[in-house]
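A.B. asks: This is what each chain is made of:
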Amino acid sequence: MATNTASQAPTSTWSYVGGSATEAPVHENPEWEKARQALASISKSQSSTKTSPANRTSSQAGQYPTAVTDTSAMQQQQYYQWYQQNQQQYASYAYPYNYYYPMPPYAAGYPPSQYGVPGAYQPPTTPTGQPPAMAMMDEQSSYTSEPQPPPPAVPQPPPQSPTSSDQPPPPPPPPIPPLPNAQYPPPPSQTPYNPNGALPYSPTETSPMRGYNHGQPRLAYQGYQPPSYQQQAVGQGLYGAAGRGDANKKPNNTNMNKGQQLWNRMKQAPGTGAVKFNIPKRPYVLANQNFTTGEQTTSAATTIATPVSSVTTATTAGASQTGPQDWPQAMKEYVQRCFTACETEEDKDRTEKVLKEILQSRLQDGSAFTIDWTREPLPEVKPRQSRWEVVPQRSQENTIGRGGASRGRAGARLGNYRNVFSQRSPSSSSSRSSSRSPSPHNRHRDRSRHRRSDSGSQSDSSMSSDLRPLSRRQQRAGRGRGEDRDRGRGAAGERGRGRGGKANRGRRNMDDLGSGVGKKRKGGNAGMDFHDPNREAKKQSRAARFHTNKRTEPLVLNINAVELPNGTQEGLSWEDCPIVGTCQDITKNYLRLTCAPDPATVRPVPVLRKSLTAVKAHWKSNQDYQYACEQMKSVRQDLTVQGVRTDFTVEVYETHARIALEKGDHEEFNQCQTQLKALYKDCPSSNIGEFTAYRLLYYIFTKNSGDLTTELVYLTPELREDECVSHALALRAAWALGNFHRFFQLYKCAPRMAAYLIDKFVERERKLALRAILKTFRPSVPVEYVQSSLAFPCLDTCVAFLTGLGVTFAPSDPSKIDCKASSACLTSS
Amino acid sequence: KQGCPVLNWHGIQNWHGTSLSSPEDKCQQVLEPPYDEMVAAHLRCTYAVANHDFVEAYKCQTVVVQYPSLGGTFQAHKEENWALPVMFAVTLDLRIFANNAEQQLLKKGKGKVGDMLEKAAEQLMSCFRVCASDNRAGIDDSKKWGMLFLVNQLFKIYFKINKLHLCKPLIRAIDSSNLKDDYSMAQRVTYKYYVGRKAMFDSDFKLAEDYLSFSFQHSHRSCQRNKRLILIYLLPVKMLLGHMPTNQLLRKYDLLQFADVTKAVSEGNLLLLNEALTKHETFFIRCGIFLILEKLKIITYRNLFKKVYHLLKTHQLPLDAFLVALKMMQVEEVDIDEVQCILANLIYMGHIKGYISHQHQKLVVSKQNPFPPLSSVS
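Chains A and B, in that order, give the protein sequences.
Numbering-wise, the working numbering puts 485 at position 485 of the first sequence, and it's gapless, one number per residue.
Numbering-wise, the working numbering puts 956 at position 127 of the second sequence, and it's gapless, one number per residue.
Bound-form chain A, shown alone (with noise of 0.2 Å):
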């Protein structure tokens, strides 16, 4: 699901934004200014964060250029606008309005009265929370300077900031927002507000902020879960919410006062601590969020701050206020994981402190900006696994029991991400470094929506979405729409709102009716089996069946790295980057080259004629081998290296070969004869016969049939015709047949230095024609007609040939071989 999701994700949440806005000020306005009036009292404390929005203006608007890219621009153009009119028509407001705006769906879809019930729940948040949004931003804020890096990762955690996100930026510089909405919404809306909120607030108000916060939520939660809230509240607002807050809390605590410094340091490093409290937080907006359901009537102010708060309310704007932009993405929601993987507070603790660690770790060394989150496996806080399993029941009946409704409701829900993730990602924009890839970001969305919903919802969306497949569908059909942005963008974001509304509406009775304390308590379970980390597994490999991993960075082929054969890789040979020597010495040792030939070691062609003929010439008097071959290797490396391939190369290998052919040194001989098939090829010599001839015979040498053929195929005419060629051809005819008597014929008259060759194999051809002449004579031979016919130069290497065979002479004769005692020999040797 997460991984599908993503991919489509961005269109989608774009679609939605774009409609969620547009709508959004028409119909928010009033719950806006109750919101307002609800939160003034409040919203005093945020006279602070006023300073913030300046800061959040330039931050956003940074943030949201680089968001502009996406295609969507058009789209976010037209938010633009809204957004202006919306600044315009709450200029003092402005931030909040436009966060909220990602929320309009509901706005829209629910008349005023809806709101003030269930809508207490998101609405309710919206309106009034953009003035209490300023003192969420304090809050926030305070929170936010607590864990350093905080500003921007607290708004995370609520999913909600999203939508305050898009706020925050509208105000400042409204055509930035439109921007970071379009392409960002589901990152940006935590950057960029936990950036301008988070620096401005957290500092001054930390405290107040939460004990605003919470107190709100707090209602809500403490029927669900009081004792965590409490501590949450107390300690810091957002984190104590959140409940998982406890790590985040002694961060805090401790950065309280250093907030904005370790923020600073945390922008050079992305990786240091403030990463992790970004993460956490997103954690708890999700828990928050479904406090919230019941808390946001009272946290009207908090929506404000996030915009997307209308849920989480002051808490989840302040972590996002809070939230390190910096962090990845996809970190961030892997923080996110594992809290929603978390079934109870000691779990969130736990989760918390190994997070710490990890995050921390991970952030000092820079990997977490390189590492794959999404398939960082969770922490593992054993004691929750056992709840796990537990869990998932719970969520069944869950399910079971709203099956109706949380069909209803999946289709709901994707509105509802999509909002929140829009709003959310111009906040999250402002997290610039972490993830602007858009696959993380899609994938974040997808998840963070969920938990969200869950959250939100009671989590029995999210359930029907994941246990239904039915439902999953059509999400995943409108996010497809919304994601192929080519195909149709426009109507795919219609379709989009469409839906969202629906959906939006839907959850919000839902909502509603579960506004009650053991509804929260549902939403709780729903949450938890929603966290169930094996869940997320199996839905991101049912995603995988639909949806596929594409590919995140632009795909390359290497095509070019493609390693072909030496010789035509270009480049690869000698001729490509000539070298002409210097070296004036006749003589010179071979080195095998390894590094690329020194020109003033190297030899040019003058000198190497003349070392040519003194290896001669030293070869002919001293017959030394050794130094012959040393000198001649010498001279064709210099040859190579110089790239040339003239005649003199040629001879200088038909030197080579002919002295290594004497001496009977078969790698040189090959290692030339390779070389000169190559040669004869630009450069035809007089002696291109003779060598094909030496060929011809190493073939017979090697009863390589199939080599033979093809020199034949290739023998022209003219040269079978050389004196060389045909007498090999000769002697190949007679090997074949065994006409051994014709082929020892053709070894006493053998041209040049083909004799030195037939020396290689003679002996085995000896050996086969004895064997065929003790079989057919009988009832003996004589010595002489074999020496004659096997071309043995005298009688007594005959005898001594045969008597090293065991060869059995004749008793009666000894000249006479006794063939038949003798066959034997043979035979078995």
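For the record, the hints were derived by calculation from the structure and aren't laboratory data.
Among the clues, some could well be false.
With a cut-off of at most 25 Å between alpha-carbon atoms, the simulated SDA-like pairs for lysine to any residue come out as follows [stated by the list, open to error]: (1) B:1196 to A:779; (2) B:1108 to A:718; (3) A:703 to A:737.
These numbers were taken from a predicted model, which means no experiment stands behind them.
Starting from the known structure of chain A, fit chain B onto it as the hints suggest.
C.D. replies: Positioned in the frame of chain A, the structure of chain B alone reads:
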């Protein structure tokens, strides 16, 4: 999940018309990571082929084949072998492109004969290893079903570049496989064809006859061209074993080059044989059977000498008689020693039952069946 890539793969065919020179983006949008690169490379490849740039096509195809060969994706499909058809298609293309690329390079005067194909063979080998090492999957899902196809492709390359010795391990792998008789008939026919050819070059004519006969009999009726190819190797082997083809068969498969050879061998007409071999030398050499056909000379000697024997109607044949016969056949520079040599070979190989009395310069042949039928020899 399983069908998706394949479907996509085939779906891609539709894109072939669109001349995409850089399809990476599209593929990236549509397909998940391993496959997007694969398909993108494939598309590039088709583009290159359309431009007759086989070197480029080969490079692209190399990228495509990396997936099966490097093991990553393909090997990761534990206990699944649905990708085999894809691998077949891809590897077949790789071989063809390598071949064409080499031709192109050679025309430009670059590269060495066989280099490209050798590289391609390396890739095929790594595919083969992946398939051959799939020991855990059940028979039905085993990637071993891909072995024979790859072996056949490798055979084609090895035969082309004359690296027959490289076939040995492949043959051993297939021989030891328990699936060897369950592969598709097409693959088995191909396999036996190449193994038969190899056996022929190794002078194991009995085995060669078995294999080549199998593939000749089992190749599809409509595959006249394949049957002809098989016959080109089956005929010499059969003749060496004493089975002469009818003119009708030769005519049916347009192999009348063999007609004179057949006639000369069965008549013991050495002269005619030499003429026939010379006349169609190019054809025979190109088919790689010249050296085999040359061995028919031995059979021809046998038949010739058999005639001498029948003429003289004695068991003690003077060597001079054979010398006369050979001279009649216009064999150059023949002397009595060579006659002895030739006879020695025939006796040694079992074509003649008898012995030579050097002292009396006579060939003494067995009274019973001195010239045993060829099929019983060797």
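A.B. asks: If a hint holds in the structure, say so; if it does not, say that too.
C.D. replies: Results of checking the hints against the structure:
no. : hint            : verdict
1   : B:1196 to A:779 : holds, 18 Å
2   : B:1108 to A:718 : holds, 17 Å
3   : A:703 to A:737  : holds, 13 Å
Hint violations for this structure: none, all hints satisfied.
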